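Participant: Letter by letter, the chains look like this.
Number of protein chains: 6
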Amino acid sequence: MRPSGRALDEMRPVSIETDFTKHAEGSALIRMGDTHVLCTATVEDRVPPFIKGSGLGWVTAEYGMLPRATNTRMRREASAGKQGGRTIEIQRLIGRSLRAGVDRVALGERQITVDCDVLQADGGTRCASITGGWVALRLAVNKLMKSGDVISDPMLDPVAAISCGIYAGQPVLDLDYPEDSEAGVDGNFIMTGSRQLIEVQMSAEGATYSRDQMNTLMDLAEKGVAELIAAQTAATA
Amino acid sequence: MRPSGRALDEMRPVSIETDFTKHAEGSALIRMGDTHVLCTATVEDRVPPFIKGSGLGWVTAEYGMLPRATNTRMRREASAGKQGGRTIEIQRLIGRSLRAGVDRVALGERQITVDCDVLQADGGTRCASITGGWVALRLAVNKLMKSGDVISDPMLDPVAAISCGIYAGQPVLDLDYPEDSEAGVDGNFIMTGSRQLIEVQMSAEGATYSRDQMNTLMDLAEKGVAELIAAQTAATA
Amino acid sequence: MRPSGRALDEMRPVSIETDFTKHAEGSALIRMGDTHVLCTATVEDRVPPFIKGSGLGWVTAEYGMLPRATNTRMRREASAGKQGGRTIEIQRLIGRSLRAGVDRVALGERQITVDCDVLQADGGTRCASITGGWVALRLAVNKLMKSGDVISDPMLDPVAAISCGIYAGQPVLDLDYPEDSEAGVDGNFIMTGSRQLIEVQMSAEGATYSRDQMNTLMDLAEKGVAELIAAQTAATA
Amino acid sequence: MRPSGRALDEMRPVSIETDFTKHAEGSALIRMGDTHVLCTATVEDRVPPFIKGSGLGWVTAEYGMLPRATNTRMRREASAGKQGGRTIEIQRLIGRSLRAGVDRVALGERQITVDCDVLQADGGTRCASITGGWVALRLAVNKLMKSGDVISDPMLDPVAAISCGIYAGQPVLDLDYPEDSEAGVDGNFIMTGSRQLIEVQMSAEGATYSRDQMNTLMDLAEKGVAELIAAQTAATA
Amino acid sequence: MRPSGRALDEMRPVSIETDFTKHAEGSALIRMGDTHVLCTATVEDRVPPFIKGSGLGWVTAEYGMLPRATNTRMRREASAGKQGGRTIEIQRLIGRSLRAGVDRVALGERQITVDCDVLQADGGTRCASITGGWVALRLAVNKLMKSGDVISDPMLDPVAAISCGIYAGQPVLDLDYPEDSEAGVDGNFIMTGSRQLIEVQMSAEGATYSRDQMNTLMDLAEKGVAELIAAQTAATA
Amino acid sequence: MRPSGRALDEMRPVSIETDFTKHAEGSALIRMGDTHVLCTATVEDRVPPFIKGSGLGWVTAEYGMLPRATNTRMRREASAGKQGGRTIEIQRLIGRSLRAGVDRVALGERQITVDCDVLQADGGTRCASITGGWVALRLAVNKLMKSGDVISDPMLDPVAAISCGIYAGQPVLDLDYPEDSEAGVDGNFIMTGSRQLIEVQMSAEGATYSRDQMNTLMDLAEKGVAELIAAQTAATA
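Order-wise, the sequence lines are chains A, B, C, D, E and F. Mapping to the working numbering: the first sequence position 214 is 214, numbers consecutive. Mapping to the working numbering: the second sequence position 72 is 72, numbers consecutive. Mapping to the working numbering: the third sequence position 17 is 17, numbers consecutive. Mapping to the working numbering: the fourth sequence position 205 is 205, numbers consecutive. Mapping to the working numbering: the fifth sequence position 230 is 230, numbers consecutive. Mapping to the working numbering: the sixth sequence position 106 is 106, numbers consecutive.
What the hints contain is simulated information worked out from the structure, not anything from laboratory work. Computed from a predicted structure; not experimentally measured.
As the list makes no split between identical chains, a pair holds if one copy fits it or if it spans any two.
Calculated cross-link-like contacts (lysine-lysine; reagent style DSSO-like; alpha-carbon spacing at most 30 Å):
| no. | residue 1 | residue 2 |
| --- | --- | --- |
| 1 | K82 | K22 |
| 2 | K146 | K52 |
| 3 | K22 | K146 |
| 4 | K52 | K143 |
| 5 | K52 | K82 |
| 6 | K143 | K22 |
Please take these sequences and the hints and turn them into a complete structure.
Facilitator: Next up, the structure:
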């Protein structure tokens, strides 16, 4: 049924390789099947102007794709002179999601920037970015705690994300690119380790969906996120 | 409890004034309380390159805010030299939502651009844009049908949108700005006249929410959308 | 003779609706026939760097057109990534004209930004912007005086603007779009309540004009400005 | 009275050196006192889209200043990433003014671009650009006629421009920079060889002026333009 | 002497991992010590306008660095809105160097774009990009030959690049970042497998160098390039 | 052999006219045959952020071409909205080269910006910019020393630049445009008065070159630079 032969509720193999690059305070290469995203976390002692002096920390994210991460080459955004709408939407989502898992008081007045760069894409890059980005963030915070710059752990609960959608009339978990490009309804669920919701984005393109279908997709998402959080825990143990 | 004194499930007064401007093929000024959005629909005989020759139509949207639509003046995006991330996210949402209510085969190979410009803002501008934008679109399509350019009505079902959120611990319908700026959880539901979902976006900032809360918000949304669709129907009768 | 049937020295009906939006310190919707411009005045306590510490105030303006204010849709400048030459010329003119009517010492070291956004266009938008912008400015200054922030009235004399041109060989007052697009010679006169000139801009495109014609146009302009200043006075009484 | 010791109606020395550069179809270095502008005219066989196929020609202009043409270094516009408002205003004025002196039917479907680059500035650069730009244009058209590409001379009448203003309470001709930066009222008159007006731009900054003053300035301008047209004629004889 | 303990003429360990990503026609991850660059080659059937119809092929390159490839985070160029001067210089150099090793007649009218993205930087990224880029290019051309799209091998001779410089008064081969940031004289030599020169760039910053020193550096470069070409040959065997 | 009839080792006539414009602290118009570049040096009391407080001075450069400096009109970079890759490469080279001839301690914490604007181009504009730019810089420093702002002369040694290349199989000195556009190998040598090298850039486009050829070109360059330094010395005596 699914092009990859997976069961409807079966995720692609997940692997998380920490410390893939040496300069960042935290880094991880996450692979969800053929989707590979390099995530790095950078700690800086400055915060955005709107929280200066508040004692609160900040977590933000940026997202990019290498031009040939995809099947046909996409124009490099640096050369086009601006980030596209899709990029901006995604990086806002990543930042928002990661912030939801952080106690900004405990973090203290510093900023952590999570860069998520897609080396190879096969659907679900924004979810992989959130899941892998959380690992990079966790590692960077570990370093801050080890050095004594942060005393009380600001990481409240792991954050992970998974896509679901309706493909060929069936609710499926973790869409790859061939599914994603055909699905009339698909979206992303960002959740915590304790199954609380952080963000739900479920869109239809040329289609609609019922509340019942929405509920089924949410069930699938809970299953997927549980597996991802296990992988995050293993990688950062 | 609510700053405006409204009940938890009470929307702000809605009014839709059609033909507010004379040049556009369809136009409507929608007012949801103190949020006022001017929506116009422009019909053009060209379509984007990626569907040229397909026989399919296209519906797209652009969104803007007058610099002093808000309490403090925002920098004009034309002068800043680019549309901000929030603007881009919103106009992509409007376009996607309106397309879900249109039979693109019946529309034929033409493009309708819905411009939503916020004259005055008090929260919920993207929802008002979708609801008012649908009216402008409906009116423009009416003109195409009257002239015989379009034979079979491409408008499948009305599309409307409403915000919901958790304010001071309580689920509330149709957040105004004072609520929106305090709510830890809020989002938008875009639905059709037959209660099908088109898009759900529920975000938390520095908070999380449970599936039960999600369900309550969805109940509120269904109530709100029903009222909006009644207003759309009255305005385009 | 004129497409609208007006007499050569007859202006379109003028109306000025104050407080059209609620956030700005001053706001007015001016209608000159089918040309409708929303003007808002924003007071800020900062001034541009070049007058910092001088004790002088500043008045500046920005101008924009909604994409479908015109007969065919124009590309949104925010999306194009810059303000066009025409926009920049117009907003510089509005700012310069309004400053000529203000005692910047009496205003004190603060800035007032007048935003003029064309909701519907039918020729003469820059003149309507100046005339309506003055009303928004007057209202904002009234508020500053009422609050005691400004003691001595900095508004020296009302400022209004009207277009004139040579249409079908005849000097006419207040050109609408059908006239404007045909006139070989046209321009704008910005004047004060005491008939002093602030700015004259008279251009020919593919034509020239004599000093005699220039004088006739100036006579028409004086008549028009007198009517506009009466409308301003009524609106701000 | 005047910083330069000139009489009120005395222009600065004017010189026009043709063929200053070798590549352009027409070129001239105009010097009005210490204001030096290099003007080149480029002939191309294409026209802007909006007149394609009309048989009409087009004349357009671009304006620039070398960064250290002025007393303090200005930021290079190419490095700033856009042309400033002043630049855009000026180049639109130059193009409009030169077009008024050209029979676009006789020119035929080709475009002439007049580039005006200020090598050294001391006030009046836009007027010098128009006057010198006309010479470059005349030379380029001469070449077209010599080669037989254009049969009937499209140059209707010479076009020249001069600034006037009220300095220290006195109407003066051809303001240099020290005057220009002090004058409360100043502007530019663009006229033809037969004393017809093409464009009048008279602005006040923090001041106003009467119709009588306007008339005196126009008398001065007529005197100045006559001298400029004599210089143009001598240079292109 | 050298921070890394290497001998003056000792290169860092080189490894080239081919097919690091799956979508590109050719791809290689080159590691020169801690400098890691992902190179991909994309084949397209179109060529730049200036050679359209000439029958000649084109090879071009783009270069980027992930924001945290370096010790401190650099601003993402896509977000800054333009590629910096250094980036542009480097990608022009890569393109020029690779073209020198290609017979553009044999390649036929198609374009190959080599993207070089630095995942981790420790000096010498442009040289690594050229050396690794050649491998990606070679692999992509192999594919074209295998499919029969290209008959005669257009790859004339391998192309590789190495940096040399004067560090602490001594000529050294293959500078790493600690050396590069201290060296007063350094540069890059791009050479072919048959020791012909393609490009020499030797710069001094706050220093100068003699012809004798230049000759010593060139001897070092010849040694380094020979080793790199052996690595390229092994990787593409 | 050479299109101009020059001997292989013969430069074009060089002239350097100082004080070509009056505002800059130093200015020179250099002519190398038909290549004419206006160079100005601007002294400012601020330095770039990265050396603030270091006591060191800075020398930087910007480069531009008038649109019709070349045989066909090039688009104005200010209008295109950015400086092209070639411009950026060249101005970085000019700045780097001039800095190599300056004792930045002796200069003191101030910045000198050298603007090089090509009025007419016939090959070799970057070399002419460096050679002429040095003269403007020398003159500006003279002024600083005369005023006592700088005590010890920071100008270490004259800096000049010349192009060489292989044209029609022969090594030639000082390529003009017809040679430059045909040469498969060409580059630039920047040297001091004492024959030390500052920068060597030797590129091949669709060709390669041997070390022997490189040595011959360097001999030619030494001859050329000696003549240029004589011209600089005469101009600044």
